[in-house]
Amino acid sequence: MEKQAPPILNIENLKIGFDAANEDLCAVDGISFQIKTNQIVGVVGESGSGKSITALSVLRLLNEPPAHYPHGIISLMDGENEVDILAMSKTKMNSIRGKVASVIFQEPMTSLNPSMRCGKQVVEAIMAHQNISKKEAYKKTIELFDEVALPRAEKIFKSYPHEISGGQKQRVMIAMALSSNPSLLIADEPTTALDVTVQKTILNLLKELKDKYSMSILFITHDLGVVSDIADEIIVMYKGEIVERGRTKDVFHNPQHSYTKGLLHCRPSLNTRPRRLATISDFMNFKDVLEVESFEDERDRRAKQHKEIYSQEPILRVKSISKEYALSRTILGKPKEVLRAVNNLSFEIYKGETLGLVGESGCGKTTLGRTLMRLIEPDGGEIFYKGQNITSLKSSDLKKFRKTVQIIFQDPYSSLNPRIPIGEAIMEPMKIHNVFSTYKERREYAIYLLERVSLGEEHFDRYPHEFSGGQRQRVCIARALSLKPELIICDESVSALDVSVQAQVLNLLNDLKEDFGLTYIFISHDLSVVKYMSDRMMVMKDGNIVEFDEADAIYANPKTEYTKNLIGSIPGA
Amino acid sequence: MVKYIIKRSLYGVLVVFGVVTLVFFLFNILPGDPSKMLLGQRSDEASIEAIRKDLGLDKPIYIQYFSYLNDLSPISFHSAEAESFWFYDQEKYQSSKALLSLGKSKIVIKKPYLRRSYQSKKPVTDIISESFPQTALLALVAIAFAIVVGVTIGVFCALFRDSWFDKISLMVSVVGMSLPSFFAAILIAWIFAYLLHDITGLNMIGSMYSVDNFGDGEYLDLKNLILPAITLGIRPLAVIIELTRSSVLEVLSQDYVRTAYAKGLKTPKVVWSHVVKNSMNPVVTAISGWLASMLAGAVFVEYIFDWKGIGIVIVDALDKYDFPVLMGALLFVSIILVLINIIVDIIYGLLDPKIRLS
Chain A
1 MEKQAPPILN IENLKIGFDA ANEDLCAVDG ISFQIKTNQI VGVVGESGSG KSITALSVLR
61 LLNEPPAHYP HGIISLMDGE NEVDILAMSK TKMNSIRGKV ASVIFQEPMT SLNPSMRCGK
121 QVVEAIMAHQ NISKKEAYKK TIELFDEVAL PRAEKIFKSY PHEISGGQKQ RVMIAMALSS
181 NPSLLIADEP TTALDVTVQK TILNLLKELK DKYSMSILFI THDLGVVSDI ADEIIVMYKG
241 EIVERGRTKD VFHNPQHSYT KGLLHCRPSL NTRPRRLATI SDFMNFKDVL EVESFEDERD
301 RRAKQHKEIY SQEPILRVKS ISKEYALSRT ILGKPKEVLR AVNNLSFEIY KGETLGLVGE
361 SGCGKTTLGR TLMRLIEPDG GEIFYKGQNI TSLKSSDLKK FRKTVQIIFQ DPYSSLNPRI
421 PIGEAIMEPM KIHNVFSTYK ERREYAIYLL ERVSLGEEHF DRYPHEFSGG QRQRVCIARA
481 LSLKPELIIC DESVSALDVS VQAQVLNLLN DLKEDFGLTY IFISHDLSVV KYMSDRMMVM
541 KDGNIVEFDE ADAIYANPKT EYTKNLIGSI PGA
Chain B
1 MVKYIIKRSL YGVLVVFGVV TLVFFLFNIL PGDPSKMLLG QRSDEASIEA IRKDLGLDKP
61 IYIQYFSYLN DLSPISFHSA EAESFWFYDQ EKYQSSKALL SLGKSKIVIK KPYLRRSYQS
121 KKPVTDIISE SFPQTALLAL VAIAFAIVVG VTIGVFCALF RDSWFDKISL MVSVVGMSLP
181 SFFAAILIAW IFAYLLHDIT GLNMIGSMYS VDNFGDGEYL DLKNLILPAI TLGIRPLAVI
241 IELTRSSVLE VLSQDYVRTA YAKGLKTPKV VWSHVVKNSM NPVVTAISGW LASMLAGAVF
301 VEYIFDWKGI GIVIVDALDK YDFPVLMGAL LFVSIILVLI NIIVDIIYGL LDPKIRLS
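Protein chains in written order, with the numbering used here: chain A, 1 to 573; chain B, 1 to 358.
Take these hints with a grain of salt, some might be off.
Which stretches of chain A does chain B cover? Using the computed rule of at least three CB atoms under 8 Å from a CB of chain B, they are [stated by the list, open to error]: (1) 96-109; (2) 123-134.
Reference excerpt, derived from the structure (chain B facing chain A, CB under 8 Å, subset only) [stated by the list, open to error]: (3) Lys122; (4) Asp255; (5) Tyr256; (6) Arg258; (7) Thr259; (8) Tyr261; (9) Ala262; (10) Gly264; (11) Leu265; (12) His274; (13) Leu351; (14) Pro353; (15) Lys354.
Hints listed in this document are in silico derivations from the structure and should not be mistaken for laboratory results.
All residues carry an ideal CB built from backbone N, CA and C; glycine is no exception.
Bound conformation, chain A alone (with noise of 0.2 Å):
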């Protein structure tokens, strides 16, 4: 057998924690692996499970103190030498970071510095490691952005951050990552912030470069869908401790650990559609969760279903709405260049149906959400809800209207107040609209949508910031419900979640369909979850309907490109 060249990266029973004085209060706990030359290792776990610690550690990029490194090994291999990260200084780190290895972070919209124009912020990247002139730094970062597969590299050279898109400024940060020729390139979720079509470019790039540099990737991801393709290696982490590990293949074929098998399922499948998704709850505590019904007994259910709500009246009625926005004015303020984000739209919602509507970023999705509410006022077109135009509502009727319609955004960081109890924020809207009489009622009614929502009544009192992001996302969907509402438009609900969690959420989702009667319009990006969710689809572009059918429908027979890009995109599909 041939000499084996030493690993990239060694981490050997390696400790990681945040709280000096209670050594067993560790985020990640003993673990060891190994990342060889030109090898993809992906590291797959759910939020709090220590993976992007480990990510982050391999840098030094945590804050020391809290974070702290009770016992392991972290070694790099710099060029013929073996560095311990561990016992460096912290004036030597700054010639490893960059060099060495690399980090490309989840957020793009956050990690660039927005004052600073994109270009200049791989220059200096470059010039910290090199010496070489400006010029010459100039001329390699508009290299690398070609490399990137940048359009227009002068262009974006001298843009800020929020002028380019969020795959732009991904690239600009793998530009950047790449600068000095790194042996290890530290992914950190980075495509779980963009679009699924951005993401599968994203990651054809990273495959790419990876072969032509021979580097090697050490990539953190929620999502077992995404690594699936370009990993060589599979790795996950549970609760700061390395649970399972194998070759890409075995791992998704065979796995072993009953968490690995839940994360396999979470994300739903595209050729069936079991009334629950599994939950990695349900494997961990090994119950029997695979609901067994055949294709066709589905399908049946579903024809039959959808035979009842369509032969309903429509409870709303979209009749060619249209919003525009102004790109630029002129001197009166009369708009020159306009962005038609919600393009003369008809369409009906049915009662008890949930309407899917997917498109890329950009494609007038949200605004057309906030339309049908009137949070956003439309230029154009009329919405009736019920027979009731509600586009030339007053405000008083508009209140009794917004009544029956709520929304559960995006984000469940920003969408509650920090400084308001999480059972105030429910409370609130029942105040403001008269739901009850007194504060008893609605604060035991406050109470049942908790437990309803898989909270409880100790919940009740407590702030925001100590609930995870799924828990969060919960209280949303409470609040939503306090106003005992006919219609949901949900936002990008579960786009900002966990896989794992997501599964939850979508499940909470349907079970209350049923129980509360209520009708969904799901907005999201990702088709495969649009599809799991709902009974009729509608995809957009550019603030147009392209598709608009059966959700299985145009899942099976895709009519345009676009949709198909869509479908094509589902990471692990």
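Take the given structure of chain A and dock chain B to it, following the hints.
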């Protein structure tokens, strides 16, 4: 950008017009009579009447108002008759030119005329051009001192959070914020110009110009600026330290700062090019407010150090019913405020490209 500045300037003109109108009518509500003030003890009915006629105070208020606006406006209407209240007096209206004559009336283009002081008979323009530079210098030096020292201390406080340096700076800045300026002025003058005079060589009072005792007239004496500038700068300094500190702390926790470290940049570089610029927004807001109010005259500090700035001019004019001086000074100050607001908006754009003006 140009469009924006034009638009803001037009708003500015409206604001200034509003100030003129408001001050004019408020002044006329005040009890008291400028003519009696002028004559003092010697007043008799006849001379009072003569002065009232001379100053135009015998006319109805609205006529007085329009005549003042007419004097201000670069294009104005006048009469050719010498007895008329609206007479076009070339001596009064400097660098003026009659554009058009229609019978007895003339349309004139001229420099805005701010009239003369009731008291000293000096042109108001001269009074302002003597006093305002003093106030401006004092305010700018004070604010520059506050910015340089305050931002530096604030950044270090944030970087070494909870260190002794941070704690002491915060304590001192609380004291600085709660110290009234008239008290601080007396205290500083007493310590540095009286107790420590032999070491510092500074005077308790003094203006931008000192009079030379050997007959060489006035000379520029910038030494006198030090104490009033420090006094005036203390409170903005304290506020800037706290604002910078909290803003820098917030920026330090941003993802892009982590990115900067991940690139391998050294700490001073990260702080300077990624943290400081992004944390200056609230500081600029605070500074613009302070600077604006200082340019309107720091009355206490100017009085105590006998610094002959516009604050003293305004207070004196109010005291003596010297309407043209009061009006001229307020008008000038409000124009300055409008200008500062435009400049601050431009600075916001430089700091945060997202709100760059279009």
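We went through each hint and held it up to the structure:
| no. | hint | in the structure |
| --- | --- | --- |
| 1 | 96-109 | holds (count 8) |
| 2 | 123-134 | holds (count 4) |
| 3 | Lys122 | violated, 43 Å |
| 4 | Asp255 | holds, 4 Å |
| 5 | Tyr256 | holds, 4 Å |
| 6 | Arg258 | holds, 6 Å |
| 7 | Thr259 | holds, 5 Å |
| 8 | Tyr261 | holds, 6 Å |
| 9 | Ala262 | holds, 5 Å |
| 10 | Gly264 | holds, 4 Å |
| 11 | Leu265 | holds, 5 Å |
| 12 | His274 | holds, 5 Å |
| 13 | Leu351 | holds, 6 Å |
| 14 | Pro353 | holds, 4 Å |
| 15 | Lys354 | holds, 5 Å |
When the structure is compared with the earlier hints, a violation turns up for hint 3 alone.
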